[in-house]
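Asks: Chains as they are written, first to last, in the numbering used here: chain A, 12 to 103; chain B, 34 to 154.
There could be a bad hint or two in this list.
[Stated by the list, open to error] Lysine-lysine pairs mimicking DSS-like chemistry, simulated, CA-CA at most 25 Å apart: (1) B:K144 with A:K16; (2) B:K43 with A:K84; (3) A:K25 with B:K43; (4) A:K84 with A:K25; (5) A:K34 with A:K101; (6) A:K25 with A:K101; (7) A:K16 with A:K45; (8) A:K45 with A:K84; (9) A:K16 with A:K84; (10) A:K84 with A:K34; (11) A:K101 with A:K16; (12) A:K45 with B:K144; (13) B:K43 with A:K45; (14) A:K101 with A:K84; (15) B:K43 with B:K114; (16) A:K16 with B:K114.
Derived from the structure by calculation, the hints contain no laboratory data.
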Amino acid sequence: MKARKVHLELLIGKLVRDGDGAKVGRIRSVHAEKVGDDCLVQQYELGGAALLSRLGISALRLVGWPLHREPRKIPWDQMDLSDPERPRLKGD
Amino acid sequence: MDLVRDVLDKQLVDREGTPLGRADGVVLELRADGPPRVDAFEAGAVVLARRLHPRLESLVQWLRSRFSVRKTARYRIPWEKVQEIHQQHIQIDVRAIDTPLYDWERWLRRKVIRHLPGGDA
Numbered sequence: 012m013k014a015r016k017v018h019l020e021l022l023i024g025k026l027v028r029d030g031d032g033a034k035v036g037r038i039r040s041v042h043a044e045k046v047g048d049d050c051l052v053q054q055y056e057l058g059g060a061a062l063l064s065r066l067g068i069s070a071l072r073l074v075g076w077p078l079h080r081e082p083r084k085i086p087w088d089q090m091d092l093s094d095p096e097r098p099r100l101k102g103d
Numbered sequence: 034m035d036l037v038r039d040v041l042d043k044q045l046v047d048r049e050g051t052p053l054g055r056a057d058g059v060v061l062e063l064r065a066d067g068p069p070r071v072d073a074f075e076a077g078a079v080v081l082a083r084r085l086h087p088r089l090e091s092l093v094q095w096l097r098s099r100f101s102v103r104k105t106a107r108y109r110i111p112w113e114k115v116q117e118i119h120q121q122h123i124q125i126d127v128r129a130i131d132t133p134l135y136d137w138e139r140w141l142r143r144k145v146i147r148h149l150p151g152g153d154a
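Using the sequences plus the hints, can you model the full thing?
Replies: In structure tokens form, the structure reads like this:
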């Protein structure tokens, strides 16, 4: 079966929904790891906190408020990218 | 490694450190039996335009076909050619002069620079 190709730069910002259609968050970052000769995706980060984290800004530094929210991290095997325009979470 | 922060839009250089352009796109291969893998980087104005809007991609594609000397709309660099990912740039195992990314430089050298005094040196 021919492997599908998707463009990372077009995934960024796409809204991810769960199996019930509820909004989960937007893809902000994709983490990968070198494994042997390959570079493999490990997880996706969703949400505004992920964007701030990518920019090196924390909510604390931005507004001086002791809020701390971790970006939502989705393991690669829980993300369904069969339709790259409408990524969905697998399972529940 | 964060592919968005550390790879996308990062400066590409060849094996001698000559700038090649930027990684305007990253192609992921979705596999049935494992995690997605980075398949290739893409460079080119058309790739960049696509990120903004599909119609802009079409316009840039048309402009390129009419006025550009570059033979290809997008230059794809397989992951296997990546030598090292540094903080400021990504080193690729190619020679810049051998890639389509240098088509404009070759054209300028042939059509403009060689006609200038000392240009054929």
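Asks: When the hints from earlier in the document are held up against this structure, which numbers fail?
Replies: Hints 1 and 12 not satisfied by this model.
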